[in-house]
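A.B. asks: Top line first, the protein sequences correspond to chains A and B. Counting from 279, one number per residue, gives the positions in the first sequence under this note's numbering. Counting from 14, one number per residue, gives the positions in the second sequence under this note's numbering.
Among the clues, some could well be false.
[What the hints assert, rightly or not] Now the in silico label distances, taken between C-beta atoms and shown as ranges:
1. B:Gly242 / A:Arg353: 52 to 62 Å
2. B:Pro150 / A:Ala478: 28 to 38 Å
3. A:Ala471 / B:Leu122: 17 to 27 Å
4. A:Arg353 / B:Lys171: 26 to 36 Å
5. B:Thr125 / A:Arg353: 36 to 46 Å
Rather than coming from a laboratory, the hints here were simulated on the basis of the structure. A virtual CB, placed ideally from N, CA and C, is assigned to each residue, including glycine.
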Amino acid sequence: MTVARIDATFAACRAEGRPALIAYLTTGDPSLEDSLACARALLAAGADMLELGVPFSDPSADGPVIAAASARAIRAGGSLTAALGLAKRLRSESNAPLVLFTYLNPVLAFGQERLPQALLDAGVDALLVVDLPAEEGAELRAALAAVEVAVIPLVAPTTSEAREPSVVLGARGFIYYVSATGVTGLGDAPLGAAAERARAIAARAKLPVVVGFGVDTPDKARALAAARVDGVVVGSAIVGTIAAAPDLASRIAAVRSLVASLASAMK
Amino acid sequence: MSELGERPGYFGEFGGRFVAETLMPALIELTDALDTIVNVEPFQREWRELLRHYVGRPTPLWRAERLADALDPARRHLGELWLKREDLCHTGAHKINNALGQVLLAKKLGKTRIIAETGAGQHGVATATAAAVMGLPCEVYMGEVDIARQAPNVSRMKMLGATVTPALSGSRTLKDAMNEALRDWVTNVRTTHYCVGSAAGPHPYPTLVAELQRVIGDEARAQWLESAGGLPDAVVACVGGGSNAIGMFRAFIPDDVALFGVEAAGEGVETGRHAATLTEGRVGVLHGARTLVLSDDDGQILEAHSVSAGLDYPGVGPEHAALMRSGRARYLTASDDEALAAAHQVARTEGILVALETAHAFARLADIAREESRRLARPARIALCLSGRGDKDLSTIEERSK
Chain A
279 MTVARIDATF AACRAEGRPA LIAYLTTGDP SLEDSLACAR ALLAAGADML
329 ELGVPFSDPS ADGPVIAAAS ARAIRAGGSL TAALGLAKRL RSESNAPLVL
379 FTYLNPVLAF GQERLPQALL DAGVDALLVV DLPAEEGAEL RAALAAVEVA
429 VIPLVAPTTS EAREPSVVLG ARGFIYYVSA TGVTGLGDAP LGAAAERARA
479 IAARAKLPVV VGFGVDTPDK ARALAAARVD GVVVGSAIVG TIAAAPDLAS
529 RIAAVRSLVA SLASAMK
Chain B
14 MSELGERPGY FGEFGGRFVA ETLMPALIEL TDALDTIVNV EPFQREWREL
64 LRHYVGRPTP LWRAERLADA LDPARRHLGE LWLKREDLCH TGAHKINNAL
114 GQVLLAKKLG KTRIIAETGA GQHGVATATA AAVMGLPCEV YMGEVDIARQ
164 APNVSRMKML GATVTPALSG SRTLKDAMNE ALRDWVTNVR TTHYCVGSAA
214 GPHPYPTLVA ELQRVIGDEA RAQWLESAGG LPDAVVACVG GGSNAIGMFR
264 AFIPDDVALF GVEAAGEGVE TGRHAATLTE GRVGVLHGAR TLVLSDDDGQ
314 ILEAHSVSAG LDYPGVGPEH AALMRSGRAR YLTASDDEAL AAAHQVARTE
364 GILVALETAH AFARLADIAR EESRRLARPA RIALCLSGRG DKDLSTIEER
414 SK
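Taking the hints into account, I'd like the entire structure generated from these sequences.
C.D. replies: See below:
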């Protein structure tokens, strides 16, 4: 399955005339069991795809909400290995695409040579490495292409149109457009301009383009849906909701309600 | 050795650019600027004028006879010891060479704001100074722990007009200050230049910083030839990120001169509380470069420990990793206690208060001399980069001497 699972999801959402809703959580925050329960809740409430965040000690591209979640997750035993374990359990009960979201150092420590098979075994469909720009990681990209696991490229507002083709070269699954220059969890990303650029990239690359960084309310999700983007990623808002709830039952209730409202806003 | 290997920005298997896409265009612009701005005559003339009239270069090469006598009374191993006096630079350390070069470059690139990270505060002071003299606003990120233990430098930065912003995450030291600076840069990349303080980080920083610091080694080499005749047998420098060491080494890499870097062993390499990245690190990616890092089996970066805030970093410049891998340079360690003892010895014998960073290099001098003299079958002639002055460390030294 792998990339095909992602393609099928975007096709299904397109058929329903709405963007795909991609929900992010940091695996292991506040515990691996909580993450599993929250991931199930996200899917049940209407997320089409999950981004499973691998906690990293030095998340320099993340804002305070995800950075704090990362620190809590590491203390609770979160790691790339644990994220793979979580993916495997989710895969046994769901066909939703799973994207592993990580920094490069945990990948290097895990071992680039054994990662492709491990992703396959866990049922992970794509890998997104925040600090692996297009110019680096040729070996890893080739190894993942061989097993049909997508490597998701990020395009930023600072990426010129001249540079863009080299960034998305060989991309499969989808492309991630970062809505504004900054770290995750921005409150004031210019989403109108982001939607416009995302559509232009999608037309040029002939792949779905999702918009992330700064989508934290149903209103913003509704605006992006109205602007006909292919997908919307919600991360910090979910992670913040998980962090704010005092126990597992209220965590589940809170993420369910958030994701349900996001999903219905995009219909 | 500039950019070994086929790929630009790589030193052997180390180096590269591992950053979020948002920062890539700025790094590419900066890399192009190396050829089109930094390495051309007008920039070089302007920068070298600043080094001469503002920094006070060339810094002297001082023959340290009393220290040599103290280290080796019979003078069987240590023939000559010369110190490259970077402590006599304006602001008290080699850091100003790089800061002035980068802030000058930032102005030429049309950037309107400077940010930096700092551990001991020397790079923060240097950047705040360069920004002040060139009229740009400056924000310096510094770990909360380092703010507490380097108070004099925090006061200096503030008086120079810089904003000092505490990094409150992780170990609240240098690596976390670097994370905060990267977060700021990714947010403000269009207007802001990130003045990286060591020969670390993504390409082109390791090359840019090394090129701006090689003035140390170029001067030392010429001064040695003039004062001592011939070349030294060995060159020694302390290594945190490694900017003073690479600045000193680069001039001597083509020569038959042994290169020694000394890292911080903290409470002892065996205790796990150290900053000996080259000695104990594994291949990884931290702050934009593939290099040796202190990291656990899951790839989480470990906290580094050193009595010296400037060496307290779990990564190291990629060129040092390559120099070690190729065998061209050797890297040793010195503990907190050894560095403190060396700082006292240098003060009493030479009348120089050295930075605790540099004290690590002094701590291994006698061993290096013994080893080199055995190899050469005569007393060794050694040049050491005295990278900075120790006023900022007085409270730490007093505290530890109780």
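A.B. asks: Compare the structure with each hint and give your call.
C.D. replies: For each hint, the structure was consulted:
Taken as a hint, the range 52 to 62 Å holds for the pair Gly242 (chain B) and Arg353 (chain A), whose Cβ atoms sit roughly 60 Å apart. Judged by the Cβ atoms, the range 28 to 38 Å given for Pro150 (chain B) and Ala478 (chain A) holds: they are separated by roughly 35 Å. Remark: the range hint 17 to 27 Å for Ala471 (chain A) to Leu122 (chain B) is upheld by a beta-carbon distance near 25 Å. Between Arg353 (chain A) and Lys171 (chain B) the C-beta distance comes to about 35 Å, which sits within the given range of 26 to 36 Å.
A beta carbon spacing of about 40 Å between Thr125 (chain B) and Arg353 (chain A) agrees with the range 36 to 46 Å that was offered as a hint.
The structure agrees with every numbered hint stated previously.
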